[in-house]
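Undergrad: Chains A and B supply the protein sequences, listed in that same order.
Quick note on our numbering: the first sequence kicks off at 1 and runs consecutively.
Quick note on our numbering: the second sequence kicks off at 1 and runs consecutively.
For the record, the hints were derived by calculation from the structure and aren't laboratory data.
Wrong hints could be hidden among the right ones.
Stated by the list, open to error - Just so you have them, the derived chain B footprint on chain A, three or more residues with Cβ under 8 Å:
1. 85-96
2. 112-120
3. 404-417
Beta carbons are placed, not taken as given, at the ideal position from N, Cα and C, and that holds for glycine.
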Amino acid sequence: MRGATAVALGTTVALLGAACAGQGTGSQGDDDGGSSADASTITWWHNSNTGDGKEYYDKVAADFEKDHPGTTVEVSAMAHEDMLTKLDAAFQAGDAPDVFMERGGGELADHVEAGLLKDLSEPAADTISTIEPYMSGFQVDGASYALPFSMGVVGFWYNKSLFEKAGITETPTTMDELYDVFDKLKAAGITPASVGAGDKWPAAHYWYYNVIRQCSADTLDTAVTSVDYSDPCFVKAGETLDELLATEPFNKGFLTTPAQTGATSASGLLASGKVAMELAGHWEPGVMQGLTEDGSGLGEDTGWFSYPSIDGQQGTEGAQMGGGDAWAVSKDAPDVAVEFAQYLLSDEVQQGFAELDMGLPTNPTASEKVSDPALAELLEVRDGAPEIQLYLDTLLGASVGGAMNDAIALQFAGKATPQDVVDAVQSAAEADQ
Amino acid sequence: MTDTAVRSADRAPARSADRRPERRGRAATWRKRAEIALFVTPALALLVAFVVVPVATAVQMSLYKWKGFGPMVDFVGLRNYVSVLTNEVFTDAVVHNLIIVVGSIVLQLPLGLAIALLLNRKMWGQGLLRTIIFVPYVLAEVIAGVVWFQLLQPQYGVIDTMLAAVGLHGPDQGFLGTPEYALWTVLVVLTWKYLGLAVILFLAGLQGVPDELYEAAQLDGASWWQVQRRITIPLLGPTMRTWGFLSMIGSLQLFDMVWILTGGGPANATTTMATFLVNEGTKRQNFGIAGAASVVLFVIALVLALAYQKFILSRDSKEEGR
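With these hints in hand, go ahead and build the complete structure from the sequences.
TA: Next up, the structure:
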């Protein structure tokens, strides 16, 4: 008897295990969102769910309603991770909100292929022309599917006073200078850099930047579109990473360090002065503020320099890597939703967005309204960059991007060679075809 | 053969006699059936909605290439299974699971038994000690995981600081960050977490050992060790075997603790089947591969459960059957 129960128990438990993967495939949708048949109501999901940002977006929605009598905007503000989960569920259910966030690249292309997004090329042509430089990551086969409203770049955030303490007067512009900086910091008893390799993508950013330096933009484009990563520049990028890893610049235990959660995360270590620098995006000052007790992050000591260039590189000098958030409109949303998405990119809304330091606005008229000095500096770099390459994992989509990040994390752990990483990308990309 | 034939022959006339008597009999059977239906339906509906349907979907998903949205149309047959079973990360994950299955039993069985025997003696502070041993098991897995993650932080964590204070030096990447140590560190944390369950079960089992046996042994002049070896442990057998089963299934499905402590890293040194499938599914949107991995996990768990039942638990059922 007991045996039978045990088997039943085992079976149930095993079934539950199997059931894990089955979650979220049901055809039930959430009812607190989703496209409404009623053309006068549009649903909008965003991730500014706290403080000024939330208030501002509520006001934006109310203003739009005032200008469009008879139209109601249902706003759902949620935490970023929650939003992504709910969006995935909504896509599965075929019940996406009318206006929502897209991050571009392969993910967006997948959504386009699944017929989830409205082609905005025609209806939003005016808006697209004002933000033209940032559109490339949001286009598929020449058609535009989302309107980027914030676009940031990744670079080294550093602690000015620690650099001073180590006798560093100028920020590095080449890899050799960067290694010098590492040496000087170490000599002064300071851990040079932190990296959240536990989350993988922060570590992968080093590899991406090396690729952007070692490979020309054309080579990268061709490799992605033709699914052929055999150009030697990809392996060279990994070799540059090996060189950098050999200088051992990172915090102890970086293989399990998370990117942004807690005082011992990569951002936490920089914020508390335990390390001198970290490679991160435009979000870093905000994240550090959240990780310090007085809410000021590194404050006056916050500095920024871009990823150094590599001797003999084929990539464009000064090219930056970054990414952005864009407003997309779901396929069967009413026309007024497109108008709303365009309104979100208008001078007025983008200027307010910039004043609150909610991101790096794409509308040129909003640039000068950015008040945070660190962000303003970054904005200059971004606007002066000859090209901005989208984060490679976003560019390649979740499946290939995930395999790539895992392989790069292995290289950080000393368990993969530069060639292994390229092979992993190649085979994941082939499987994704 | 003949036995059944005789029995059904016996029953046949009785049944036809039964059917006759009156309508009340039939009404009673219907009522009984209605009652069964009434009580079983809600549970059955829940089981179907939350277990059977998701499992069926997972199986269906495992035959398609699907990114989690849009219609499931790209049928790939068994390709996902091939890619899962030939994936080194997955086969390593199976090995990690098996190491944890064996490691948990090897570590927790003697430790749990020793502590249970100790706590079974009348002594001062017995209740308090039992509580202390049991607290980790009651603690939410995620909370325990986060606490241990912080304790094990290299350089800034409590454990590294304590080691440094006595002149020892932990591994540079920390215990969780060094591929060679990570799995064993996870195993130690799991032992800490689940020892309480073993102890409580064994203590409960010890209550079922009749006092007369101890008295008889004492009269015969048996030593404490002889009593434990000849009486307590054999009589605790069924409890230990049931605990072993629970431990095995828990180890096969291990997810939360690993996810919090290492996320399967460093360098895939602690990946389990469950972290593999979650990573493939929710992170990489390879839902087909995740589906295939979950089916493989199901089969492995089922086979091991049946084997355990046949070779180990069957002794108990036979004993009870007699």
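Undergrad: So, for every hint listed, does it hold in this structure?
TA: Evaluation of the provided hints:
1. 85-96: holds (count 3)
2. 112-120: holds (count 4)
3. 404-417: holds (count 6)
Violated hints: none; the structure is consistent with every hint.
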